[in-house]
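Trainee: Residues per chain are reported as follows:
Protein chains: 2
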Amino acid sequence: MRWHAPQQASGLCLCSSNSGNMTTKKDLEAIENQISTIQVSSHEETVDPVLAHGGFKTMEQRRNWGWLLSGFISLNILLLGIAIVSGSVFNKVQITSSHLLIFLIFLVILTTIWMVYYKIHTSRVCNAVLYKDSHAGPIWLRGGLVLFGICSVIMDIFKIVYYVGRKDCESPVKIAFPVVQALFVIVQTYVLWVHAKDCVQIQKIITGCGLMLTLSTNLTVWMMAVTEESLHQTVAPVNPSSNISSNGGHRSNVTSQGRSGNSECKCIHDMCDVFEKAYFYLYPFNIEYSLFASAMSYVMWKNIGRQMDEHHSHNLHFSLWDVLIGPVAGLIILVAGLATFVMYEVDVAKEDPKKKEEALIMHYTMNIVALLLMSIATLVGCIIFRMDKRDPVSAKSPTRSLDVGLIVGSSLGQYLIYYFSIVALLASGVQGHVNRLDLTNSILTVIQLCLQNAFLIKGLHREPFKETETASVFTNVMAVRERDLERRSSSIVPAHTLPMPLKLLQGQLPWKRRILKEICTFLLFCNVILWIISAFGARPQFDNTVGSDIFEFQTWAAVVNIGMPFGIFYRMHSVASLFEVCLIS
Amino acid sequence: MRWHAPQQASGLCLCSSNSGNMTTKKDLEAIENQISTIQVSSHEETVDPVLAHGGFKTMEQRRNWGWLLSGFISLNILLLGIAIVSGSVFNKVQITSSHLLIFLIFLVILTTIWMVYYKIHTSRVCNAVLYKDSHAGPIWLRGGLVLFGICSVIMDIFKIVYYVGRKDCESPVKIAFPVVQALFVIVQTYVLWVHAKDCVQIQKIITGCGLMLTLSTNLTVWMMAVTEESLHQTVAPVNPSSNISSNGGHRSNVTSQGRSGNSECKCIHDMCDVFEKAYFYLYPFNIEYSLFASAMSYVMWKNIGRQMDEHHSHNLHFSLWDVLIGPVAGLIILVAGLATFVMYEVDVAKEDPKKKEEALIMHYTMNIVALLLMSIATLVGCIIFRMDKRDPVSAKSPTRSLDVGLIVGSSLGQYLIYYFSIVALLASGVQGHVNRLDLTNSILTVIQLCLQNAFLIKGLHREPFKETETASVFTNVMAVRERDLERRSSSIVPAHTLPMPLKLLQGQLPWKRRILKEICTFLLFCNVILWIISAFGARPQFDNTVGSDIFEFQTWAAVVNIGMPFGIFYRMHSVASLFEVCLIS
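Heads up: the sequence lines are chains A and H, in that order.
The opening position of the first sequence corresponds to residue 102 in the working numbering, with each subsequent residue numbered one higher.
The opening position of the second sequence corresponds to residue 102 in the working numbering, with each subsequent residue numbered one higher.
Treat the hints with care, as some may be off.
The list makes no distinction among identical chains, and a pair is therefore deemed to hold if it is satisfied within one copy or across any two copies.
[To be verified] Straight-line distance between alpha carbons at most 30 Å, and here's what the computed DSSO-like set of lysine-lysine pairs gives: (1) 305 x 497; (2) 305 x 490; (3) 268 x 613; (4) 378 x 457; (5) 457 x 613; (6) 305 x 613; (7) 451 x 497; (8) 305 x 220; (9) 455 x 220; (10) 455 x 378; (11) 613 x 490; (12) 275 x 378; (13) 455 x 275.
I should point out that these hints are in silico values taken from the structure, not numbers from a laboratory.
Predicted model only: the values in this text are computed from it and were never measured.
Could you put the whole structure together from the sequences, leaning on the hints where they help?
Mentor: Next comes the structure, spelled out in structure tokens:
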């Protein structure tokens with residue numbers, strides 16, 4: 102049983118036509134591995150972690166010069182990108198948005214060329230990809246990528262139409278960028294759809310650098326999109342001469358001014374305003390697209406040179422009939438949230454202080470109810486996890502580590518905003534009904550974030566439940582231990598033949614799974630509505646002026662504009678993770 | 102041989118007096134472990150990483166609810182700290198520095214109480230600490246902690262004297278804080294000196310939360326110190342009414358104004374100004390102290406529940422007679438750097454534009470020469486690492502991961518500043534001699550950072566060279582493989598009995614080690630001077646106005662003030678890491 106992986110390696114390599122040398126070497130390695138598999142009884146794992154981590158040698162060794170080089174390439178591109186994006190925001194004359202767009206066009210074209218090269222090269226060389234990581238690029242991620250990719254292409258088309266209409270007064274680069282970006286999105290979506298699970302074995306250095314280039318390009322595009330979107334949502338009331346105000350921003354409390362300062366520029370067709378509004382509504386999808394593509398290229402980069410089995414997959418299924426209360430309650434919250442969101446947007450747009458206060462009260466009340474219910478549900482979920490003695494997963498996967506890292510990392514944005522709110526509200530003395538609601542809302546958000554993070558981390562680190570399991574119970578300690586150890590080497594045998602840990606067979610009750618699934622679906626819908634509210638432009642942080650009164654407006658705007666995109670991504674990513682937790686519960 | 106760890110565990114536990122239940126459980130586990138060690142021939146490691154990482158199960162399992170709880174405690178304290186620190190900087194009335202100090206006093210007292218409790222509890226319970234991590238808390242780190250701790254206590258004494266002198270017009274909290282902080286520093290230095298290597302086995306949840314509390318307290322103190330220091334170094338020329346300007350700042354281009362706005366406040370003794378200057382010069386040491394303490398408490402937190410052997414240590418020694426050119430060249434750079442730094446500070450203080458330009462030219466020229474030599478030396482070092490086939494280390498240690506993380510993470514601050522400089526200089530058209538030198542300096546810094554990071558990462562991931570090795574060469578492949586696997590389980594046998602990998606015995610030449618040691622010592626001295634220049638207040642980023650012209654002053658000041666403390670820490674930490682690389686070369 103233990104010979105499967107090396108056998109597969111040598112078997113597959115024989116078909117290689119243009120790398121005979123490599124084949125011989127690989128064969129030799131495979132034979133050596135087999136010999137050592139027979140000969141060596143390795144050390145015991147559970148006693149000494151240092152010993153246990155001996156297994157990491159392969160990972161450490163993979164982290165060679167190519168790894169460093171690709172890391173530095175990515176780091177440098179990203180930091181240069183940050184500097185240029187900041188420059189284009191704060192400087193009026195020397196660093197225009199055209200400079201930024203030229204930099205981005207260069208990056209995007211380079212990445213597209215690399216992806217085409219990668220596609221061609223891996224198709225031609227037979228042993229380029231010997232293994233697939235079954236955890237990488239799950240269907241929801243790839244599906245989301247395609248969905249957001251389509252929205253991004255539509256956004257690019259709208260942008261092209263808009264800038265063609267203004268071609269007399271705008272730089273031609275502004276038309277060129279969406280054209281190049283649309284092409285890039287199409288090529289990248291295709292390549293990631295097909296190759297997301299690849300564990301590349303050849304040209305590791307070039308592939309590593311290429312993937313890091315892809316990552317950096319996507320993150321730079323993301324940064325630009327986030328900046329544009331934030332500037333569009335926020336209109337600074339203190340600095341009307343600043344060129345960071347938006348044209349067509351829906352909060353018209355200052356003189357609207359074009360990004361290039363040429364508000365007298367006429368559109369050659371009548372649809373400019375419509376298309377501009379439309380493409381700004383598609384920005385959140387483009388932002389998500391970039392993050393999805395970044396996450397997938399990062400996982401591919403982590404999987405370079407990794408050797409694992411491709412047949413290791415869990416046949417998970419999801420039936421809507423398993424759950425009832427969760428989705429229904431979630432849908433109620435979703436519909437209520439949508440209704441209040443629309444009313445909020447309408448009321449706030451009226452610029453009437455009284456209407457605005459009413460809108461804020463409604464918004465906070467809605468949020469408080471949702472957060473309270475979510476917190477209770479998550480707490481129940483955590484208690485069930487605590488009671489349930491199912492084993493945590495043993496294998497470390499880059500996808501899961503990335504998931505957890507992204508959830509905790511992106512939640513920092515939300516934490517930051519709400520801690521700043523709490524401090525501002527406490528410092529202002531919490532005067533008035535609105536501020537009391539705001540404080541309750543902020544504190545509840547922080548609690549809900551902590552609980553949901555704990556729930557997701559614990560949920561993602563559990564072995565999937567397998568229903569086809571034969572319920573044989575072992576009483577002999579030795580037998581259990583041997584089964585347990587066999588289970589650890591599970592990834593080279595088909596999943597359905599695996600024995601389950603003893604505890605699961607004894608303690609698992611259907612009502613726990615049912616409740617967990619209900620909780621997951623409920624939280625899923627709640628996160629969707631919280632995502633919609635933030636992504637489509639509700640900014641109570643600016644509509645309630647406490648934050649900008651206590652901190653200076655610049656600081657407050659920076660906190661909100663940096664924290665908000667992460668918050669939006671957090672809700673989005675939570676939805677995906679909750680779906681996964683729901684499946685494996 | 103493989104039984105050592107479990108035997109030790111059971112042996113030590115028998116002395117426990119107040120936890121009989123635990124002893125029985127531990128014994129049972131130890132026996133179980135032994136049985137499984139005999140019975141099980143575990144899977145082969147080099148074939149499948151997923152299998153290999155099965156060893157991580159113990160680590161994943163340790164990451165239980167206590168781990169989550171302590172993480173969330175730390176996260177929440179830190180974010181609240183960020184919000185309050187920001188509030189105290191940007192708000193004049195509602196959030197004063199007294200509020201921040203009260204928050205800090207609360208944190209510091211809580212942490213001190215926990216540390217005293219920890220010390221007493223672990224001393225009384227016999228099996229509280231069964232294992233020690235030999236990599237944690239190396240002597241240079243603990244030595245540095247004591248050194249910086251002493252400086253911090255002196256700083257606190259100076260602060261007390263200064264604020265006692267102004268006690269009629271300053272809040273008593275400002276006297277209370279340094280008193281509490283001095284006590285905290287003494288207790289913490291003692292506890293970390295004694296317990297830095299602990300792998301705590303009892304009360305894991307409480308210990309985890311306590312260590313995370315310690316980490317958060319140190320980081321919050323660090324944040325406050327960095328903010329105070331940055332505000333002191335930077336005087337905003339655009340906003341004279343702002344209370345963020347310093348009193349006694351040495352760049353007096355705006356009206357100096359007290360932090361509390363009471364510049365008419367009289368000191369009751371004559372030494373206020375002297376003490377204020379003195380304690381500001383001690384800030385860099387306090388900042389380093391907080392970071393050292395944070396790093397050590399983080400490593401202790403990572404080591405909670407870890408089981409490893411305490412006798413695993415390398416007898417490394419360092420002789421000054423091994424190296425000659427490196428230290429001499431380094432000392433020359435150090436002295437030249439010190440001389441130009443003093444001249445620079447004197448010239449810049451004169452406020453004469455011509456003198457300032459001369460000072461900048463001298464500063465940049467000095468930096469360019471140093472960076473060029475450092476880059477060449479580092480490149481040679483990297484090439485030697487590439488030629489040298491010595492195995493990378495196999496065992497994963499939290500200390501090394503942290504070291505690498507801190508180096509790469511703190512270098513981001515430097516990268517950020519210099520990429521912003523490059524963009525600003527290019528956007529301004531690189532006019533004049535000063536700007537050309539500035540651009541060269543910025544580009545060279547980025548290159549040097551990349552090279553030095555690569556050198557340090559590679560250097561820290563190498564097995565220490567052991568000179569007492571017997572040079573027996575194995576030709577039988579099977580024998581080598583068995584030896585190699587034995588080596589992996591090295592940490593349970595004394596280090597000096599370990600066989601060396603085959604490659605090392607064949608390819609190692611003394612001249613390589615000699616050159617590496619020369620390079621390390623040279624880089625060490627260069628990093629010391631770069632640390633001194635930044636830590637003691639040279640800010641060419643503000644003296645050359647290109648950056649603040651291109652970006653707005655606020656943005657530029659934010660970039661420099663956020664990036665600089667990380668840059669200072671980077672140079673400091675590089676010195677320590679270079680010393681370690683020098684030892685293991």
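Trainee: With reference to the structure, classify each hint as holding or not holding.
Mentor: How the hints compare with the structure:
For the homomeric pair residue 305 and residue 497, the shortest alpha-carbon distances inside one copy (21 Å) and between copies (23 Å) are both at most 30 Å. Within a single copy, residue 305 and residue 490 get their C-alpha atoms only as close as 41 Å, which misses the 30 Å cut-off; across copies the closest is 19 Å, which meets it. For the homomeric pair residue 268 and residue 613, neither the shortest alpha-carbon distance inside one copy (61 Å) nor that between copies (63 Å) is at most 30 Å. Taking identical chains as interchangeable, the C-alpha atoms of residue 378 and residue 457 lie at most 30 Å apart only when both belong to the same chain, with a minimum of 23 Å there against 51 Å between chains.
Taking the closest pair of Cα atoms, residue 457 and residue 613 never come within 30 Å of each other, the shortest separation being 44 Å inside a single copy and 72 Å across copies. When the C-alpha separation of residue 305 and residue 613 is checked against a cutoff of 30 Å, the pair qualifies only between copies, where the shortest distance is 28 Å, while the shortest distance within a copy is 45 Å. In this homomeric assembly, residue 451 and residue 497 never come within 30 Å of each other (Cα to Cα): the closest approach is 53 Å inside a single copy and 60 Å across copies. Taking identical chains as interchangeable, the C-alpha atoms of residue 305 and residue 220 lie at most 30 Å apart only when both belong to the same chain, with a minimum of 14 Å there against 50 Å between chains.
Neither within a single protomer nor between protomers do residue 455 and residue 220 lie at most 30 Å apart by alpha-carbon distance, with minima of 59 Å and 59 Å respectively. In this assembly of identical chains, residue 455 and residue 378 lie within 30 Å of each other by CA distance solely inside one copy; the values are 27 Å within and 53 Å between copies. In this assembly of identical chains, the alpha carbons of residue 613 and residue 490 lie at most 30 Å apart only when taken from the same copy (12 Å versus 54 Å across copies). Taking the shortest Cα distances, residue 275 and residue 378 sit within 30 Å of each other inside one copy (17 Å), while across copies they are farther apart (53 Å).
Neither within a single protomer nor between protomers do residue 455 and residue 275 lie at most 30 Å apart by alpha-carbon distance, with minima of 41 Å and 43 Å respectively.
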